[in-house]
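K.L.:
One letter stands for each residue in the lines below.
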Amino acid sequence: MVNLPVRLGSPAVAAPAGVPPVAPSRPLVEIEDLDFSYGVTPALKDITLGIEPRKVTALIGPSGCGKSTLLRCLNRMNDLIEGARITAGSIRIHGVDINQRDVDVIELRKRVGMVFQKSNPFPKSIRENIAYGLRLQGLRDRARLDEIVERSLRGAALWEEVKDRLGESALGLSGGQQQRLCIARTIAVEPEIILMDEPCSALDPVATAKIEELIQELRARYSIVIVTHNMQQAARCSDQTAFFYLGRLVEHAPTRDIFTNPANPQTEAYVSGRFG
Amino acid sequence: MPAPAHPFVSRSGGARRLEPVVFGISRAAAYLILVCGAAVFLDIVVKGGATVFQTRAPFVNVAFLSEAPESLYVFEWEGRQMRLGDREYRAFKQAHPAAAAVPAESYVYSSGGIFPCIVGTLLLVVGSMSIALFLGVCAAIYLNEYARDGRFIRCVRLAIINLAGVPSIVFGLFGFGMFVIFFGWNVSLLAGWFTLAFMVLPVVITASEEALKAVPIGFRVGSLALGATKWQTIWRNVLPYALPGILTSSILGIARVAGETAPIMFTAAYVVRDQLPWQVERAMDGLFEGVMALPYHIYVVSSKIPQNEFTERVQYGTAFVFLALVALIATTSIVLRNRLRARYKW
Chain A
410 MVNLPVRLGS PAVAAPAGVP PVAPSRPLVE IEDLDFSYGV TPALKDITLG IEPRKVTALI
470 GPSGCGKSTL LRCLNRMNDL IEGARITAGS IRIHGVDINQ RDVDVIELRK RVGMVFQKSN
530 PFPKSIRENI AYGLRLQGLR DRARLDEIVE RSLRGAALWE EVKDRLGESA LGLSGGQQQR
590 LCIARTIAVE PEIILMDEPC SALDPVATAK IEELIQELRA RYSIVIVTHN MQQAARCSDQ
650 TAFFYLGRLV EHAPTRDIFT NPANPQTEAY VSGRFG
Chain B
6 MPAPAHPFVS RSGGARRLEP VVFGISRAAA YLILVCGAAV FLDIVVKGGA TVFQTRAPFV
66 NVAFLSEAPE SLYVFEWEGR QMRLGDREYR AFKQAHPAAA AVPAESYVYS SGGIFPCIVG
126 TLLLVVGSMS IALFLGVCAA IYLNEYARDG RFIRCVRLAI INLAGVPSIV FGLFGFGMFV
186 IFFGWNVSLL AGWFTLAFMV LPVVITASEE ALKAVPIGFR VGSLALGATK WQTIWRNVLP
246 YALPGILTSS ILGIARVAGE TAPIMFTAAY VVRDQLPWQV ERAMDGLFEG VMALPYHIYV
306 VSSKIPQNEF TERVQYGTAF VFLALVALIA TTSIVLRNRL RARYKW
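Same order as they appear, the protein sequences are chains A and B. According to this note's numbering, the residues represented by the first sequence are 410 to 685, in order. According to this note's numbering, the residues represented by the second sequence are 6 to 351, in order.
Just chain A, with the same shape it has in the complex (with noise of 0.2 Å):
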């Protein structure tokens, strides 16, 4: 198993031994010439992509263009379904090919969380939902996990509002507070980076513009990348955004050069609303 070094760019915290120091400048996921498909049906192709570490790292397109599908690969969800795989290039964090034999892929997705299109809240206590993903490592020092619940669901701005009904239900939560719920859940494992696939897309206005400015709060630790439909969220909470369209990258740069002066003519057709 390939120990990932411990975040990069975070003075505090040295590489370890045995790990090659990676240069600065390097982005701290590097997606190189990937191909992907499902079964016989080509999903990705050819995409090349470097994710800069804490930054907001959007991507755009219409349905199907395979933004979602990129997104399950950095956490290799994608090996659940039956059939998908990467026919060509690599996908690089820290340096380390996240698809080659000796990374275990439980190690990889502690370090590379999700939230999910759908707020996927289990069935349990709010306080036993954050502490599930201790719990799986095998924390039960009961003093430790409370500390724990509290520091994430405050990182996840829900603190103040389920303060005093920690051991209810999470099911009885409104939608929006779920899904701070599960972005509070990915937290408690302190991951690096936090993929995040259409948070907002079964939100209203109010409780989206909740997470938009969790978002903002978010990265001043975590990398994020977050898959979107709405382009006014692309452009309100990201540093970087990089438009797919039919399984291809066709533009990648800073956000705001996306939104205002794109240099494709496809990325400026779909950012000003003319098709998708």
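Rather than coming from a laboratory, the hints here were simulated on the basis of the structure. Predicted model, so just to flag it, every value in this text is computed and none were measured. Any given hint might turn out to be false.
As the list claims (entries may be wrong) - Computed list of chain B residues with no C-beta within reach of chain A, every gap over 10 Å:
#1 E75
#2 F120
#3 I166
#4 G291
As the list claims (entries may be wrong) - Listed next, the in silico BS3-like pairs over lysine-lysine satisfying Cα-Cα at most 25 Å (straight line):
#5 K350(B) / K527(A)
#6 K527(A) / K218(B)
#7 K619(A) / K533(A)
#8 K619(A) / K527(A)
#9 K533(A) / K218(B)
#10 K235(B) / K533(A)
#11 K572(A) / K350(B)
#12 K52(B) / K309(B)
The beta carbon of each residue, even a glycine, is placed where N, CA and C say it ideally should be.
Guided by the hints, dock chain B onto chain A, whose structure is given.
P.N.:
Positioned in the frame of chain A, the structure of chain B alone reads:
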């Protein structure tokens, strides 16, 4: 022909005449079932109740529920007809030596109770359901969570469906050949457990799979994305929520395991056994001895012994206790399931 008063006047036709006929037939069929069910149930409750309950305190015939079957002896003594069980008869002869000379009719199994049968049936149900649930849930987990669909899995499913269609007497013969003879377990509790378990296994597997499928996929991916292994996900985040559904299926299994006579008649049931299953020299011996069981006892007392006015009491009493026992076990499972359901709701 005068014009109709309005456009919605009924026009007679075949389809309309058929309507009341279909309604009548379907309603009659439903009522017929009710009548049949009530007749069977009332017959057993009324006649069996006469055996099991009594008008004097403690109102329940304790001897019938707590003693072993005995022969009944009927003879004339000082102008009265005496009806005594085996042990009472012997005591009576000791007290009145002259009674030994009086001719007595003996009726086998018509006195005493059915305690060993109750115990045997309970043991058979608990043991075989434990085996069936363990094997069935494991197999369902494999089929639903781990296995990838392919030719082999299709064969497994086909085998399960076929197993469900096998007549119970064939299971009995299978158990006899496999466990009693080949494994050398003889006619024993253990052989009965496995035979009955294999009989209900298809039901348990199918229902467990349905229960697992009903758990939302989001619970699985959510757990995996937090760094859980597959087994951690199944154990902590899938199985608890599938458990009520699995129990529902096992309730049906209980009634079947308790009720089937054919699978145990070659593998586990004794016509009569003097000791209770735990009255053995070594603890393990109990597993390798047969037991008496309620359905088999009903079979024996209603078709294997001479019928007379004294056997009916035992036949109906046993049937009544049998029904009550199955209802009791099923109710317990339902209560348990409802508790689980309330605890794991989504």
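K.L.:
For every hint, state whether the structure bears it out.
P.N.:
Hint check:
no. : hint              : in the structure
1   : E75               : holds, 55 Å
2   : F120              : holds, 44 Å
3   : I166              : holds, 23 Å
4   : G291              : holds, 40 Å
5   : K350(B) / K527(A) : holds, 18 Å
6   : K527(A) / K218(B) : holds, 18 Å
7   : K619(A) / K533(A) : holds, 24 Å
8   : K619(A) / K527(A) : holds, 16 Å
9   : K533(A) / K218(B) : holds, 19 Å
10  : K235(B) / K533(A) : holds, 19 Å
11  : K572(A) / K350(B) : holds, 22 Å
12  : K52(B) / K309(B)  : holds, 21 Å
Checked against the numbered hints given earlier, the structure satisfies every one of them.
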